[in-house]
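*Asks:* Residue-level listing of the chains:
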Amino acid sequence: MTQLTGAQLIVRLLERQGVQTIAGLPGGAILPFYDALSASSQIRHVLARHEQGAGFMAQGMARVSGVPQVCVASSGPGATNLVTAIADACLDSIPMVIITGQVPQAMIGTDAFQEVDIYGITVPITKHNFLVRSAEELLEVVPDAFRIAMSGRPGPVLIDVPKDVQNQLIEVQELPPPAVADLPPQLDLAAVEEAARMINEAVRPVLYLGGGVIHSGASPLAVQLAEQGGLPTTMTLMALGAMPVDHPLSVGMLGMHGARYTNFVLEEADLLICVGARFDDRAIGRAAQFCPNAKIVHIDVDRSELHKIKNAHVAIHADVTEALEALLPRVKAALRTDWLAQVADLKQRFPMQFPDIGDPRSHYGLIKAVADALDDEAVVATDVGQHQMWVAQAYPFRRPRQWLTSGGLGTMGFGLPTAMGAALAEPERTVVCFTGDGSFKMNIQELATLAEEGLNLKIVLMNNNALGLVYQQQALFYGKRQFASRYRVEPDFVKIAEGFGVPALDLDQADDPRAALAKALSEPGPCLIHATIDREQFVYPMVPPGAANTEMIGG
Amino acid sequence: MIEQVADPLPQATAVAKVVLELDVNNHPGVMSHICNLFARRAFNVEGILCMPVSDGKRSRIWLLVFDDHRLEQMVRQVEKLEDVLNVRRHGAEHEVFERLEGFFH
Numbered sequence: 001m002t003q004l005t006g007a008q009l010i011v012r013l014l015e016r017q018g019v020q021t022i023a024g025l026p027g028g029a030i031l032p033f034y035d036a037l038s039a040s041s042q043i044r045h046v047l048a049r050h051e052q053g054a055g056f057m058a059q060g061m062a063r064v065s066g067v068p069q070v071c072v073a074s075s076g077p078g079a080t081n082l083v084t085a086i087a088d089a090c091l092d093s094i095p096m097v098i099i100t101g102q103v104p105q106a107m108i109g110t111d112a113f114q115e116v117d118i119y120g121i122t123v124p125i126t127k128h129n130f131l132v133r134s135a136e137e138l139l140e141v142v143p144d145a146f147r148i149a150m151s152g153r154p155g156p157v158l159i160d161v162p163k164d165v166q167n168q169l170i171e172v173q174e175l176p177p178p179a180v181a182d183l184p185p186q187l188d189l190a191a192v193e194e195a196a197r198m199i200n201e202a203v204r205p206v207l208y209l210g211g212g213v214i215h216s217g218a219s220p221l222a223v224q225l226a227e228q229g230g231l232p233t234t235m236t237l238m239a240l241g242a243m244p245v246d247h248p249l250s251v252g253m254l255g256m257h258g259a260r261y262t263n264f265v266l267e268e269a270d271l272l273i274c275v276g277a278r279f280d281d282r283a284i285g286r287a288a289q290f291c292p293n294a295k296i297v298h299i300d301v302d303r304s305e306l307h308k309i310k311n312a313h314v315a316i317h318a319d320v321t322e323a324l325e326a327l328l329p330r331v332k333a334a335l336r337t338d339w340l341a342q343v344a345d346l347k348q349r350f351p352m353q354f355p356d357i358g359d360p361r362s363h364y365g366l367i368k369a370v371a372d373a374l375d376d377e378a379v380v381a382t383d384v385g386q387h388q389m390w391v392a393q394a395y396p397f398r399r400p401r402q403w404l405t406s407g408g409l410g411t412m413g414f415g416l417p418t419a420m421g422a423a424l425a426e427p428e429r430t431v432v433c434f435t436g437d438g439s440f441k442m443n444i445q446e447l448a449t450l451a452e453e454g455l456n457l458k459i460v461l462m463n464n465n466a467l468g469l470v471y472q473q474q475a476l477f478y479g480k481r482q483f484a485s486r487y488r489v490e491p492d493f494v495k496i497a498e499g500f501g502v503p504a505l506d507l508d509q510a511d512d513p514r515a516a517l518a519k520a521l522s523e524p525g526p527c528l529i530h531a532t533i534d535r536e537q538f539v540y541p542m543v544p545p546g547a548a549n550t551e552m553i554g555g
Numbered sequence: 556m557i558e559q560v561a562d563p564l565p566q567a568t569a570v571a572k573v574v575l576e577l578d579v580n581n582h583p584g585v586m587s588h589i590c591n592l593f594a595r596r597a598f599n600v601e602g603i604l605c606m607p608v609s610d611g612k613r614s615r616i617w618l619l620v621f622d623d624h625r626l627e628q629m630v631r632q633v634e635k636l637e638d639v640l641n642v643r644r645h646g647a648e649h650e651v652f653e654r655l656e657g658f659f660h
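Chains as they are written, first to last, in the working numbering: chain L, 1 to 555; chain U, 556 to 660.
Wrong hints could be hidden among the right ones.
Claimed, not checked - Have a look at the derived ranges for each label pair, beta carbon to beta carbon:
1. Glu-194(L) to Asp-578(U): 55 to 61 Å
2. Leu-640(U) to Gly-18(L): 25 to 31 Å
3. Glu-194(L) to Gly-584(U): 51 to 57 Å
4. Arg-595(U) to Pro-176(L): 52 to 58 Å
5. Pro-607(U) to Gly-499(L): 58 to 64 Å
6. Asp-512(L) to Ala-594(U): 30 to 36 Å
7. Glu-140(L) to Gly-657(U): 56 to 62 Å
To be verified - Some but not every residue of chain L turned toward chain U, in silico, with C-beta under 7 Å:
8. Val-123
9. Pro-124
10. Gln-482
11. Ser-485
12. Arg-486
Hints are computed from structural coordinates only; laboratory data are not their basis. Just so it is clear, CB atoms sit at the ideal spot from N, CA and C, and this is done for glycine as well.
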């Protein structure tokens, strides 16, 4: 029997769960927890400069590891600053446990200093949340939070802990065992049989992989299915890396900024095998006109995704790994020579265009030069905007969890702290964060944390001194009325980085940008690589909002 | 990024009502999770009734809703909630709300 405070109990339960690193920012209502955390020899705390940074650091750790990761903040503004990072994790199904301090229970509901109903606020943006009312409850709540975060479709779980609960002393007989994930849903073998029959009978099938394939660790199985069935394979933004981009069966990313041929291949399909994807509007364009000739097989661990946007002819509610394992022995080996020749023909006639890719001072050329200087072990994170889509189009992703991007919420400011999380979790890798000047400024304070931690992270800043994707849309869809999308003042990002203690390289000044880039990428530690790009370069092809995927402009 | 330009929602023409019967855990916040789910999808709950059952660890919630095309997706979302143990569907002929009419007229 041991006597513990609620705060000490939380720390013990986190240690038992195997937590190694926590990102956070202390404040009054979470100080008992921080006091207990200071005594932990297992858990390392990374002090963020803004709670949103802490939230995205936890996301970065979770995105590369697939294991729930933890961030901590105080009550009130500390908690509300986490909201964007939590919503982002919810939309991209990232397992995370968020611990917030709360004012003492006796003061809840009195508009106490730094009191905010973070439990109420996070109801729609978490997989589940808890307001803990006694230290005793922590014995159940903490393992439950981890179990829920990692079971089925992963997601963020918030635990709000009033200060008096953190200080409450309790006798603990025995700590509960570390949480494990719930068993996946029972596999419907009849549905698997039917899906296999449809694949075997299809003439022009396409395999459509989503983020669920990455979350389930099923990338090798998905590639095996494609090879066995002769299935051209497209990936969503969240699934890039599931199949190497240069695999002969890969037709690249679909959707709003996918290659023309990819969307044309989907147009021709007579069967769409959707695995761990959710028919997001950015991926499928106008839903009614997506794959108009195809029957649909849909595999997802979240039953509410089945039949949500498109009715599936066969819906399989299952963990993707289990479903693919059951499907593989039932799918006949097929060459599909005619169909693959048709796909190759479309690819040749409507290929992805990469103008100026040989010039490292162009946007595609810069991305290519970075990729050429790195191997597949590197992790690539992005922020949100034009640079994000260019990297998605041009970077050769060949490995699951190589690519970290904000897909569902599209959060500017995501890149730097998420890349830092990746570097914290996998210090042996080089981590690259592509960012734009608009996004970079949204969590730029984390440069201080980066300098302090000395992480092996290279920030590639593609600077057009504008909100490029807004500027692009105003040019294309708002009569070139470019309002509020260009900055009138341009900060000196090199000085800013150096001011924070992060070395910087200005590629604009380099005589040989390719050599300077390769040198900066190969040296350990943090570095900002600044490159000016042309504001008049747009992301193409582009499906106009509300249009069908075949109605692309440009590219 | 870019604004959503979705197809217009089909107008809710259905007038049929459905009664949903939910078994849930009984603690503060459960109602909030359920009502929030309907509210954020702009799905009106016409009637709501909740009482604890057995030892008070569980509650039963009765919801009266219109049977429009989104109901199936709503029910699936409700079933995903951690504190919802199961959901049963009844037709509008179910008497639970009818027997309360006296309190409202």
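*Asks:* Each hint needs a verdict: does it hold in this structure or not?
*Replies:* Now the hints, each set against the structure:
no.	hint	result
1	Glu-194(L) to Asp-578(U): 55 to 61 Å	violated (33 Å)
2	Leu-640(U) to Gly-18(L): 25 to 31 Å	holds (30 Å)
3	Glu-194(L) to Gly-584(U): 51 to 57 Å	violated (41 Å)
4	Arg-595(U) to Pro-176(L): 52 to 58 Å	violated (33 Å)
5	Pro-607(U) to Gly-499(L): 58 to 64 Å	holds (60 Å)
6	Asp-512(L) to Ala-594(U): 30 to 36 Å	violated (59 Å)
7	Glu-140(L) to Gly-657(U): 56 to 62 Å	violated (42 Å)
8	Val-123	holds (5 Å)
9	Pro-124	holds (5 Å)
10	Gln-482	violated (16 Å)
11	Ser-485	violated (13 Å)
12	Arg-486	violated (18 Å)
Violated hints, listed in ascending order, are 1, 3, 4, 6, 7, 10, 11, 12; each of the other numbered hints is respected by the structure.
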